[in-house]
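Asker: Here is how the chains run, residue by residue.
There are 2 protein chains.
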Amino acid sequence: MPTAQILTIGDELLSGDTVNTNLAFLGERLRQRGFEVVRALSVRDRIPEIVAAIGEVSVDLCLVSGGLGPTSDDLTAEAVALAAGVPLVRDGASEAAIAAMFAAMGRPMPDINRKQADLPAGCDVLQNPIGTAPGFAVGLPRGSYVACMPGVPREMKRMMTEQIEPRLRRRFALPDIPRRIYRLIGRGESAVAVEIEPILAAARARSPGLAAVYLHYRAATPQVLLILEGLAGEGGARATEEELRSFDAPFQAALGSSLYGIGEAELEVRVLDACRLAALTLATAESCTGGQVAARLTAIAGSSQVFQGGVVAYANGVKTAVLGVAEDTLQTHGAVSEPVARAMAEGARRALGADVAVAITGIAGPGGGTPEKPVGTVDFAVADAEGCMHKRVQLWGDRALIQHVAGIVALKLVWDRLVARGLARVGELDAGGFSGDHR
Amino acid sequence: MPTAQILTIGDELLSGDTVNTNLAFLGERLRQRGFEVVRALSVRDRIPEIVAAIGEVSVDLCLVSGGLGPTSDDLTAEAVALAAGVPLVRDGASEAAIAAMFAAMGRPMPDINRKQADLPAGCDVLQNPIGTAPGFAVGLPRGSYVACMPGVPREMKRMMTEQIEPRLRRRFALPDIPRRIYRLIGRGESAVAVEIEPILAAARARSPGLAAVYLHYRAATPQVLLILEGLAGEGGARATEEELRSFDAPFQAALGSSLYGIGEAELEVRVLDACRLAALTLATAESCTGGQVAARLTAIAGSSQVFQGGVVAYANGVKTAVLGVAEDTLQTHGAVSEPVARAMAEGARRALGADVAVAITGIAGPGGGTPEKPVGTVDFAVADAEGCMHKRVQLWGDRALIQHVAGIVALKLVWDRLVARGLARVGELDAGGFSGDHR
Numbered sequence: 001m002p003t004a005q006i007l008t009i010g011d012e013l014l015s016g017d018t019v020n021t022n023l024a025f026l027g028e029r030l031r032q033r034g035f036e037v038v039r040a041l042s043v044r045d046r047i048p049e050i051v052a053a054i055g056e057v058s059v060d061l062c063l064v065s066g067g068l069g070p071t072s073d074d075l076t077a078e079a080v081a082l083a084a085g086v087p088l089v090r091d092g093a094s095e096a097a098i099a100a101m102f103a104a105m106g107r108p109m110p111d112i113n114r115k116q117a118d119l120p121a122g123c124d125v126l127q128n129p130i131g132t133a134p135g136f137a138v139g140l141p142r143g144s145y146v147a148c149m150p151g152v153p154r155e156m157k158r159m160m161t162e163q164i165e166p167r168l169r170r171r172f173a174l175p176d177i178p179r180r181i182y183r184l185i186g187r188g189e190s191a192v193a194v195e196i197e198p199i200l201a202a203a204r205a206r207s208p209g210l211a212a213v214y215l216h217y218r219a220a221t222p223q224v225l226l227i228l229e230g231l232a233g234e235g236g237a238r239a240t241e242e243e244l245r246s247f248d249a250p251f252q253a254a255l256g257s258s259l260y261g262i263g264e265a266e267l268e269v270r271v272l273d274a275c276r277l278a279a280l281t282l283a284t285a286e287s288c289t290g291g292q293v294a295a296r297l298t299a300i301a302g303s304s305q306v307f308q309g310g311v312v313a314y315a316n317g318v319k320t321a322v323l324g325v326a327e328d329t330l331q332t333h334g335a336v337s338e339p340v341a342r343a344m345a346e347g348a349r350r351a352l353g354a355d356v357a358v359a360i361t362g363i364a365g366p367g368g369g370t371p372e373k374p375v376g377t378v379d380f381a382v383a384d385a386e387g388c389m390h391k392r393v394q395l396w397g398d399r400a401l402i403q404h405v406a407g408i409v410a411l412k413l414v415w416d417r418l419v420a421r422g423l424a425r426v427g428e429l430d431a432g433g434f435s436g437d438h439r
Numbered sequence: 001m002p003t004a005q006i007l008t009i010g011d012e013l014l015s016g017d018t019v020n021t022n023l024a025f026l027g028e029r030l031r032q033r034g035f036e037v038v039r040a041l042s043v044r045d046r047i048p049e050i051v052a053a054i055g056e057v058s059v060d061l062c063l064v065s066g067g068l069g070p071t072s073d074d075l076t077a078e079a080v081a082l083a084a085g086v087p088l089v090r091d092g093a094s095e096a097a098i099a100a101m102f103a104a105m106g107r108p109m110p111d112i113n114r115k116q117a118d119l120p121a122g123c124d125v126l127q128n129p130i131g132t133a134p135g136f137a138v139g140l141p142r143g144s145y146v147a148c149m150p151g152v153p154r155e156m157k158r159m160m161t162e163q164i165e166p167r168l169r170r171r172f173a174l175p176d177i178p179r180r181i182y183r184l185i186g187r188g189e190s191a192v193a194v195e196i197e198p199i200l201a202a203a204r205a206r207s208p209g210l211a212a213v214y215l216h217y218r219a220a221t222p223q224v225l226l227i228l229e230g231l232a233g234e235g236g237a238r239a240t241e242e243e244l245r246s247f248d249a250p251f252q253a254a255l256g257s258s259l260y261g262i263g264e265a266e267l268e269v270r271v272l273d274a275c276r277l278a279a280l281t282l283a284t285a286e287s288c289t290g291g292q293v294a295a296r297l298t299a300i301a302g303s304s305q306v307f308q309g310g311v312v313a314y315a316n317g318v319k320t321a322v323l324g325v326a327e328d329t330l331q332t333h334g335a336v337s338e339p340v341a342r343a344m345a346e347g348a349r350r351a352l353g354a355d356v357a358v359a360i361t362g363i364a365g366p367g368g369g370t371p372e373k374p375v376g377t378v379d380f381a382v383a384d385a386e387g388c389m390h391k392r393v394q395l396w397g398d399r400a401l402i403q404h405v406a407g408i409v410a411l412k413l414v415w416d417r418l419v420a421r422g423l424a425r426v427g428e429l430d431a432g433g434f435s436g437d438h439r
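Heads up: the sequence lines are chains A and B, in that order.
For the first sequence, the UniProt record's numbering begins at 1 and goes up steadily by one.
For the second sequence, the UniProt record's numbering begins at 1 and goes up steadily by one.
Treat the hints as calculated values from the structure; they're not laboratory data.
We treat Cβ as the ideally placed atom computed from N, Cα and C, and that holds for glycine.
Heads up, some of the hints might be wrong.
What follows is a set of in silico ranges between Cβ atoms, one per label pair, in the way DEER data are often shown [claimed, not checked]: (1) B:A205 x A:G188: 54 to 62 Å; (2) B:R392 x A:A279: 32 to 40 Å; (3) B:R421 x A:L277: 44 to 52 Å; (4) A:T240 x B:A103: 45 to 53 Å; (5) A:G143 x B:G369: 48 to 56 Å; (6) B:M105 x A:R392: 15 to 23 Å.
With the sequences and hints as input, model every part of the structure.
Answerer: This is the structure in structure tokens:
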């Protein structure tokens with residue numbers, strides 16, 4: 001397995017001004033392509049520090065992002081040239097491409113941007129169709145391959161997938177790594193592990209490929225993703241797609257309804273897709289989540305085929321005036337109660353003209369808790385033509401976490417309802433089942 | 001200025017399973033305390049790799065996060081002990097604290113958790129009141145100070161601020177660094193720089209402290225934060241709070257209404273606080289932002305004092321049925337139009353019983369654009385007792401970015417309206433002007 005490291009360059013990464021999301025993106029892409037990522041380093045915009053970082057590279061591949069801009073603190077090309085022992089040379093094609101980009105924007109090209117075409121002599125130029133900074137790849141004298149990309153995430157991502165990965169595939173003869181994702185809500189990572197590890201252990205005995213399967217747990221409360229990867233074991237044996245698929249049935253049996261999906265599609269996409277296929281429209285009535293559920297749904301392009309809209313009924317007056325919750329119900333049971341959650345869901349179906357509506361009312365904190373209804377108490381209801389179900393859940397954490405978890409639990413309850421009605425199933429679904437949305 | 005590096009430990013940071021947010025948090029805290037953060041390294045859960053990373057430390061301070069858990073891949077204490085040349089020793093007080101934590105949760109303590117009390121001999125133990133992993137600090141033989149924290153962000157943050165920073169203040173005799181934040185929406189980073197740099201350049205000549213002021217640009221579309229920090233210059237001179245404050249007037253004059261705030265308080269907090277002081281309630285009517293504006297407001301504890309609720313009017317049927325937008329207006333002008341935006345804002349005021357309402361209707365894409373109304377066309381309206389203002393903005397980017405920017409622009413327009421009515425001003429406001437909210 002070839003080894004790799006990631007070098008991210010920029011003062012802003014060390015000063016706290018920027019969260020280093022490039023690192024996670026590149027780490028995942030490298031792993032999926034079959035590299036073993038052994039370390040990641042971030043350094044400042046200083047020539048000696050970048051040269052030292054490149055000098056330390058002792059892996060097969062070093063991916064670099066950042067420091068390719070036009071200003072005086074963009075020093076990556078110069079530092080890599082020094083480390084590789086070659087001069088910087090202006091690349092005519094890159095200079096022309098930069099000029100063409102400014103021309104297309106109808107703006108004069110500042111002189112400083114020409115510097116972005118100064119690249120290490122003999123490098124392999126990596127085109128950047130959406131920015132002025134070309135990337136480049138060089139071999140170091142000791143044999144490491146170094147590929148440099150801009151730090152702007154969307155430019156970096158495109159250059160990685162379109163320019164660098166094809167080169168890596170050729171240079172390192174990378175195999176395809178089969179991969180299978182299981183998506184869960186409602187069990188913690190360790191509770192999942194207790195169920196899953198014995199199944200995996202038993203499977204490992206069945207073939208050398210299965211023996212080498214790698215299992216990731218990716219937990220982001222309240223979700224847990226199990227990711228199986230067919231890494232190569234001794235003698236190069238690797239689990240097949242079909243062997244990974246053989247975990248579906250035992251995992252489903254062990255994990256029950258907490259397993260809501262297999263494959264790339266996220267919960268929102270699955271809910272919307274199942275509704276679309278069943279020709280059902282959807283609406284939301286939110287109190288403590290304050291619009292987060294609607295925002296999650298509308299983040300998906302194509303959601304307008306299913307999602308009618310929502311009411312954020314934060315004040316009790318809105319619950320009565322817009323959703324038709326009886327004042328009496330609010331007075332008797334309180335805003336966080338089963339009757340109010342049910343009335344909100346039914347009211348949203350009616351007011352928004354939807355087939356299915358989900359309601360959320362709870363105490364996100366920090367104030368407002370009581371001994372009977374502590375902070376984190378959340379009542380949910382899902383109403384449809386066949387009735388209305390309710391669930392109370394006790395969540396923990398700070399306000400932001402309670403709101404976040406409640407929003408995802410609400411969508412999971414819609415999913416569970418669709419499954420119970422035979423309108424959805426856990427099996428594979430590709431991501432991006434939606435398109436053509438315009439709002 | 002003492003130097004520092006950050007070492008984050010864990011396979012999940014290199015595999016793409018976790019975005020390394022600890023790094024940005026620690027980088028910012030260190031900078032604010034007066035450290036020069038020179039590099040950040042992430043390594044896997046392997047003893048030799050952690051020992052090598054500690055062995056490379058050549059700075060005054062190394063902060064470490066991760067690898068303090070109970071499982072076999074939690075190896076930080078062992079590796080640091082090796083690097084420091086001391087044995088691991090079970091700390092009785094930590095063992096008792098871990099046992100007490102399990103007792104409080106009413107769960108038996110698994111045997112493996114005892115391992116978390118095995119710490120380098122002679123270390124300074126750092127208590128963890130919200131998790132089972134104690135932290136620890138040790139001096140390396142060469143004089144570097146190493147402080148180790150859990151990788152769980154909320155445990156790490158609390159240990160950093162409550163346990164480590166007081167120790168750093170004593171050990172490194174750190175000065176207070178004056179700091180002033182200017183918050184902008186509506187101008188890009190380079191357009192801001194053109195206005196600001198000459199003001200700063202002129203000021204630098206006025207005193208040695210001002211000469212050493214450090215200016216950060218922190219850009220997160222559509223916001224730009226300017227952060228001035230009174231770093232020490234030659235001879236230790238440092239700008240005073242008052243000297244930093246002297247930038248307020250020239251910055252306001254140069255930046256105009258794009259400067260909406262000075263200080264720690266975010267836009268949402270400022271809008272809510274100004275409404276509260278003016279005894280105005282607020283509501284939202286969202287189409288293309290799908291609930292994001294309501295979610296931003298309700299993320300703030302205490303927002304229920306001001307925010308009544310919102311309508312996510314995604315389908316046109318909801319615009320007519322709930323917000324009372326005339327079918328005719330929708331037919332004649334289209335859902336993305338000035339008349340519809342105005343009718344949505346006025347309808348939200350009425351339906352939700354609020355004093356001020358903001359409406360957003362636009363084309364987030366990827367589909368739905370036309371030559372007249374391309375993707376990114378967004379109409380906003382703000383209605384209050386004195387009338388209704390409209391603004392059309394052309395945004396760019398993908399669906400997620402258009403939704404995000406539109407949500408923030410909507411709040412900025414509410415802010416501008418409050419300023420125009422004399423109900424809000426740009427001056428300083430502390431963060432957290434809200435408390436006691438319970439939903």
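Asker: Give a verdict on every hint.
Answerer: Tested hints:
For A205 (chain B) paired with G188 (chain A), a C-beta distance near 60 Å keeps the hint of 54 to 62 Å intact. Look at R392 (chain B) against A279 (chain A): about 35 Å separates their beta carbons, and that is inside 32 to 40 Å. Between R421 (chain B) and L277 (chain A) the Cβ separation comes to about 50 Å, which falls inside the hinted range of 44 to 52 Å. Between T240 (chain A) and A103 (chain B) the beta carbons are some 48 Å apart, a value that agrees with the proposed interval 45 to 53 Å.
Checking the proposed 48 to 56 Å range against G143 (chain A) and G369 (chain B) shows it holds: the Cβ atoms sit about 49 Å from each other. For the hinted restraint 15 to 23 Å between M105 (chain B) and R392 (chain A), the CB-CB distance of approximately 21 Å keeps it satisfied.
Taken one by one, the earlier hints all hold for this structure without exception.
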